[in-house]
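Chains as they are written, first to last, in numbering that gives the first Met the number 0: chain A, 0 to 347; chain B, 0 to 347; chain C, 0 to 347; chain D, 0 to 347.
Where hints are given, some of them may not hold.
Copies of one chain are not kept apart here, so a pair can be met inside one copy or by any two copies together.
Quick list of in silico lysine-lysine cross-link-like pairs, DSS-like style, CA-CA up to 30 Å [to be verified]:
1. Lys109 x Lys55
2. Lys229 x Lys80
3. Lys80 x Lys206
4. Lys55 x Lys206
5. Lys221 x Lys2
Since the hints were derived computationally from the structure, they do not count as laboratory data.
There are 4 protein chains.
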Amino acid sequence: MAKIRVAVIGASGYTGVELMRILAGHPEVELTAVTSRQHVGVPVAELFPSLRDIVKLSFMDNRVTEIAALADLVFTALPHKAAIEVVAKLHEAGKKVVDLSADYRFSDQKLYESWYQPHTEPELLAEAVYGLPELFRSEIPSARVVGNPGCYPTSVILPLAPILSLDLIESDTTIIVDAKSGASGAGRSLNLGSLYCEVSDNFKPYKAGNHRHQPEMIEQLKRASGRVTKLLFVPHLLPVNRGILSSIYLPLSRDVATAEIEEALYGAYGNETFVRLLPAGSLPTLNAVRGSNYCDIGYVMASDQRSLILFSAIDNLVKGAAGQAVQNMNLMLGIAEETGLMTVSLAP
Amino acid sequence: MAKIRVAVIGASGYTGVELMRILAGHPEVELTAVTSRQHVGVPVAELFPSLRDIVKLSFMDNRVTEIAALADLVFTALPHKAAIEVVAKLHEAGKKVVDLSADYRFSDQKLYESWYQPHTEPELLAEAVYGLPELFRSEIPSARVVGNPGCYPTSVILPLAPILSLDLIESDTTIIVDAKSGASGAGRSLNLGSLYCEVSDNFKPYKAGNHRHQPEMIEQLKRASGRVTKLLFVPHLLPVNRGILSSIYLPLSRDVATAEIEEALYGAYGNETFVRLLPAGSLPTLNAVRGSNYCDIGYVMASDQRSLILFSAIDNLVKGAAGQAVQNMNLMLGIAEETGLMTVSLAP
Amino acid sequence: MAKIRVAVIGASGYTGVELMRILAGHPEVELTAVTSRQHVGVPVAELFPSLRDIVKLSFMDNRVTEIAALADLVFTALPHKAAIEVVAKLHEAGKKVVDLSADYRFSDQKLYESWYQPHTEPELLAEAVYGLPELFRSEIPSARVVGNPGCYPTSVILPLAPILSLDLIESDTTIIVDAKSGASGAGRSLNLGSLYCEVSDNFKPYKAGNHRHQPEMIEQLKRASGRVTKLLFVPHLLPVNRGILSSIYLPLSRDVATAEIEEALYGAYGNETFVRLLPAGSLPTLNAVRGSNYCDIGYVMASDQRSLILFSAIDNLVKGAAGQAVQNMNLMLGIAEETGLMTVSLAP
Amino acid sequence: MAKIRVAVIGASGYTGVELMRILAGHPEVELTAVTSRQHVGVPVAELFPSLRDIVKLSFMDNRVTEIAALADLVFTALPHKAAIEVVAKLHEAGKKVVDLSADYRFSDQKLYESWYQPHTEPELLAEAVYGLPELFRSEIPSARVVGNPGCYPTSVILPLAPILSLDLIESDTTIIVDAKSGASGAGRSLNLGSLYCEVSDNFKPYKAGNHRHQPEMIEQLKRASGRVTKLLFVPHLLPVNRGILSSIYLPLSRDVATAEIEEALYGAYGNETFVRLLPAGSLPTLNAVRGSNYCDIGYVMASDQRSLILFSAIDNLVKGAAGQAVQNMNLMLGIAEETGLMTVSLAP
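Working from the sequences, and respecting the hints, build out all of it.
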């Protein structure tokens with residue numbers, strides 16, 4: 000059977016190289032084009048020696064028409080704002096698109112605009128689907144544009160959505176999300192804060208209560224659970240390449256048996272391939288998910304029964320970006336959802 | 000002037016080597032003896048090549064009488080339980096003691112016993128002083144046994160105590176402490192979880208809500224602020240050698256101006272050498288305190304004014320252990336408090 | 000088609016978990032048993048959470064008869080000496096064996112015994128085949144016991160063997176091998192030197208000129224090239240989990256054109272899947288091979304033309320251990336050699 | 000006694016912050032000005048939070064006249080080429096200068112120009128002194144411009160110089176220097192190769208046989224030993240912030256007793272504060288020198304007595320840059336050489 004042709008626009012960042020890594024092992028699609036304005040003509044293997052002998056393409060320029068001619072589905076891995084028009088043009092050209100920026104993640108245009116910038120394609124935004132398959136699977140196969148979820152939101156929405164439905168907290172109570180991410184989350188661009196000597200042997204909070212992923216979490220949690228949530232999101236920068244571990248604190252308004260928690264989590268994810276519910280007493284660790292598409296979830300009930308803590312771990316480049324994007328692609332193309340995604344975590 | 004003689008019992012762990020590092024640069028004391036059961040007769044420089052030419056002693060056996068004869072003040076850096084009797088014997092021998100274990104930190108014997116084991120020296124426990132100079136300075140000069148605070152408690156009590164006094168939270172509200180520590184906090188003993196390949200590229204929570212430092216925090220916060228506090232302490236293991244960063248979340252019960260927070264912190268620490276209050280907009284980072292005795296404190300008010308987040312950073316081996324122990328020693332010996340402790344942080 | 004049953008004896012170390020990771024993705028074999036004396040009855044996923052949902056076995060005891068009944072081919076991942084008899088018993092039971100210890104790597108029994116201990120199965124040693132497929136492929140399919148090469152020797156023999164055949168150096172000239180390995184090479188046992196705080200932020204040479212892999216290299220280089228080689232091997236410990244980078248220095252006795260070097264390398268490896276020859280000007284890096292079965296090779300000719308430097312990079316747990324073992328298994332079982340081994344390197 | 004006023008031009012890099020760290024603890028000098036074109040007006044503590052409360056200056060612009068008015072001795076920590084004129088102007092203004100670039104390190108102007116660019120101040124270059132005190136101490140007190148040695152050259156010249164004088168190698172034999180440096184050696188500028196995700200979990204050679212520090216080593220080794228040396232220098236990039244470990248391989252042309260090696264090393268450095276000669280059987284490690292001004296030296300004689308391996312470890316930012324610069328300053332100002340430099344290494 001002929002393979003389906005796919006392309007990656009903006010492939011020279013960490014999300015780009017990760018998409019290429021995953022797609023290289025996918026049996027039903029063929030990577031036909033990758034682009035990078037900065038590296039036009041450069042063989043992929045020169046920039047990313049991990050892909051030598053594996054991806055034999057060279058980077059093309061970001062010309063949408065050319066790319067559209069080469070692929071049936073396109074991944075856009077551009078910075079937000081830059082993606083708006085590129086996605087729209089691909090859509091006009093009749094291509095399916097998985098957009099890895101924030102530009103097509105929001106349902107509420109004004110919310111998007113208050114955290115990012117004006118959205119020049121509001122109709123397409125309204126049509127786009129939020130690509131978190133475990134919660135919104137039914138919408139994805141027919142979608143033509145999927146907004147691939149943010150890395151932090153994936154790590155927070157998955158554990159939290161089924162718990163919110165239990166009505167364990169007062170509506171005016173704030174859920175605390177203390178999240179920690181590896182350095183690849185900041186991308187491959189040249190920022191002083193991304194230098195080895197600034198990240199190594201270091202750890203720090205940043206944008207406490209003021210990160211753009213906070214409104215994304217709140218909006219999608221409302222869609223998934225029907226509950227309006229107050230949530231305070233505080234990210235921290237970890238000295239590791241990959242991984243997000245989120246510690247989520249819920250002050251409880253009523254007595255809850257752990258069986259009720261288990262039931263909610265198993266009800267939601269018992270049949271999900273990419274969510275692993277840890278047994279009681281086990282908590283997630285980053286290296287259990289590194290390089291894989293898993294989201295590991297564990298929880299602890301405080302001894303006074305007044306607080307529940309949810310923990311999740313994902314690889315920010317896989318389930319938090321490229322892996323989830325391929326999962327969405329599989330659904331959009333009618334391919335079995337886990338195809339190309341069963342790579343085992345690399346530990347140690 | 001003759002230097003005061005000091006010794007370290009249990010000097011072959013990370014706290015021990017750090018005590019030797021700091022004492023080597025102290026102009027008014029002389030390190031006369033260090034002990035290690037496991038390494039009797041071995042030159043310190045052989046075990047710790049960083050101390051070559053600097054500490055010329057060899058490890059002695061842990062014989063209290065011999066050590067007592069060689070020193071006026073003794074640091075005990077033994078595991079908890081083992082320290083109880085050693086401290087008592089040194090005390091009987093008329094020596095001043097700074098104990099770095101948990102054995103002399105608690106005022107409430109039963110609380111200690113519920114988290115550790117029976118305490119066989121209850122009278123000495125009652126007499127011992129909790130050595131957190133910034134909050135309990137007046138008690139330390141006359142103390143004969145100082146219980147040196149735990150690393151996590153130091154990082155939590157310092158930022159939190161002055162804020163608690165503001166009565167910003169309901170008495171039944173839980174304060175969340177999400178703390179992250181480097182691997183030296185687990186000591187130099189052979190545990191699978193301390194292997195390089197288990198810690199590197201990894202990150203994980205442990206003992207969530209169930210760590211022995213939680214009751215220590217609560218007891219001392221009550222002594223410092225007069226408030227009974229509900230506090231949920233969740234430690235995590237960071238892939239760095241040194242450092243604790245604590246993120247402390249307070250759900251507020253009333254409107255608070257940031258000026259009130261500033262005032263409380265400056266009132267408490269404006270004149271303290273080893274507490275640095277960061278300007279608005281700055282948050283602590285681990286590498287700003289590495290190798291130094293500083294505790295850096297910053298804070299953020301959530302945009303809805305319903306939550307306050309305090310952040311602190313210390314080097315767990317310095318302000319969290321050996322540095323604070325020397326600070327206590329200085330106070331006990333009538334030496335200027337900052338003597339030997341002004342080493343600048345090593346960054347990068 | 001029914002899958003071939005395989006087992007791993009001694010599966011609780013880093014080589015063991017890596018074998019399980021790779022075998023889990025292998026389409027033609029089924030992992031039927033894994034053993035660990037220390038963890039009998041423990042589910043694999045409990046010890047190695049990266050394998051949750053992937054390996055559903057629990058560890059069995061190391062009873063050879065039981066294991067032999069469950070598998071057609073067995074990997075032995077035991078410490079040297081312990082492997083001698085276990086391999087022999089499996090062999091008696093008619094099983095094919097890939098032994099990952101040093102016990103079946105040497106042709107010269109006395110050489111083995113001078114670096115290890117007496118070998119109690121000399122006949123089986125004589126029969127065993129050194130499993131470096133790129134150089135000794137023809138011997139492997141019919142082998143019943145394969146001695147899987149050491150990690151350092153793999154990284155040194157592959158680049159060096161074809162170059163030795165060019166007769167570029169005097170017979171009494173010493174080749175310098177300055178090699179650097181990640182911490183997983185020391186295994187998962189409890190040694191002080193393997194603690195996070197001892198390896199992190201550190202780097203050091205060890206066993207300079209005195210490492211057991213040196214005679215293995217020399218013996219196999221002689222078999223591969225027909226040349227007796229003087230070689231000085233100096234390993235160093237890198238603060239990374241995985242990877243070996245070897246820098247190999249050859250003082251040249253005659254003028255050599257780079258074309259001659261290229262020709263030798265391409266002649267040897269131009270058709271090899273798992274050896275990647277880097278283009279002129281490119282040098283290997285560890286992260287280009289992490290998690291993969293590749294050996295990347297590059298070289299530099301010194302400007303005075305008197306020295307040639309070869310560089311190689313492998314993942315010590317994959318091409319240096321478990322990956323190569325599976326490559327050998329494939330050859331022994333008549334499966335296409337690269338089956339299950341095409342995992343792309345994980346970078347970053 | 001009034002302190003001597005010193006300034007740092009180009010203080011916003013890693014060498015700059017390290018100079019400030021060391022000078023802050025120096026009892027006889029006062030840091031009066033620091034400059035950075037990019038950060039004029041910014042408080043030092045804002046850019047480098049490790050220096051909060053310690054360095055209370057703000058960055059000034061790089062105006063030489065202004066700086067000259069504020070200081071008696073100036074450290075120039077500018078990129079090479081940029082330093083040439085700045086040093087010359089400071090010199091004209093009658094200031095003593097320690098230059099940390101390569102611009103005043105070479106005796107042979109043509110050699111400098113063949114590796115860098117034209118030197119526009121050849122007379123001052125001829126006058127400048129190479130500031131490696133252990134070998135050229137007598138020249139430094141009267142120097143008005145000191146060229147502070149490169150980091151790699153310091154790590155290589157110190158162990159090698161006294162050994163060369165023994166005439167152990169043929170004149171046409173190549174000495175191999177396989178050196179490994181932490182990432183701070185590449186500075187604080189924005190290069191893709193300096194990003195955390197490019198350095199972490201990675202290791203690689205670079206500029207093999209083609210690094211600018213090679214001619215510097217050869218020139219100074221000739222000055223120190225009187226021997227012309229063939230030397231092949233191959234640097235590698237380590238995933239640590241600080242430290243250089245050099246492994247130096249000498250093919251021997253005659254029988255050498257280890258006593259002869261010891262004698263040469265002890266003869267050269269037995270009385271040196273900042274060179275530590277390790278006992279037989281001990282090899283240097285990076286973390287034994289981190290943050291300190293030590294150079295640790297060890298050696299191994301190959302079992303066939305045909306090769307000698309020297310190992311050295313330094314902190315590239317201290318003995319390899321800022322510490323050595325302060326050591327030179329002390330000599331130039333008539334201050335005891337070790338003043339301000341006795342900080343103990345930070346390990347772990």
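Verification of the supplied hints:
Proximity of lysine 109 and lysine 55 under a CA criterion of 30 Å is satisfied in neither setting, with 42 Å inside one chain copy and 45 Å between copies. In the homo-oligomer, the alpha carbons of lysine 229 and lysine 80 lie at most 30 Å apart inside one protomer (27 Å), although the nearest pairing across protomers, at 45 Å, exceeds that limit. In this assembly of identical chains, lysine 80 and lysine 206 lie within 30 Å of each other by CA distance solely inside one copy; the values are 20 Å within and 39 Å between copies. Only between protomers do lysine 55 and lysine 206 lie at most 30 Å apart by alpha-carbon distance; the minimum there is 26 Å, versus 40 Å within a single protomer.
In this homomeric assembly, lysine 221 and lysine 2 never come within 30 Å of each other (Cα to Cα): the closest approach is 38 Å inside a single copy and 47 Å across copies.
The structure fails hints 1, 5 (numbered hints given earlier, in ascending order).
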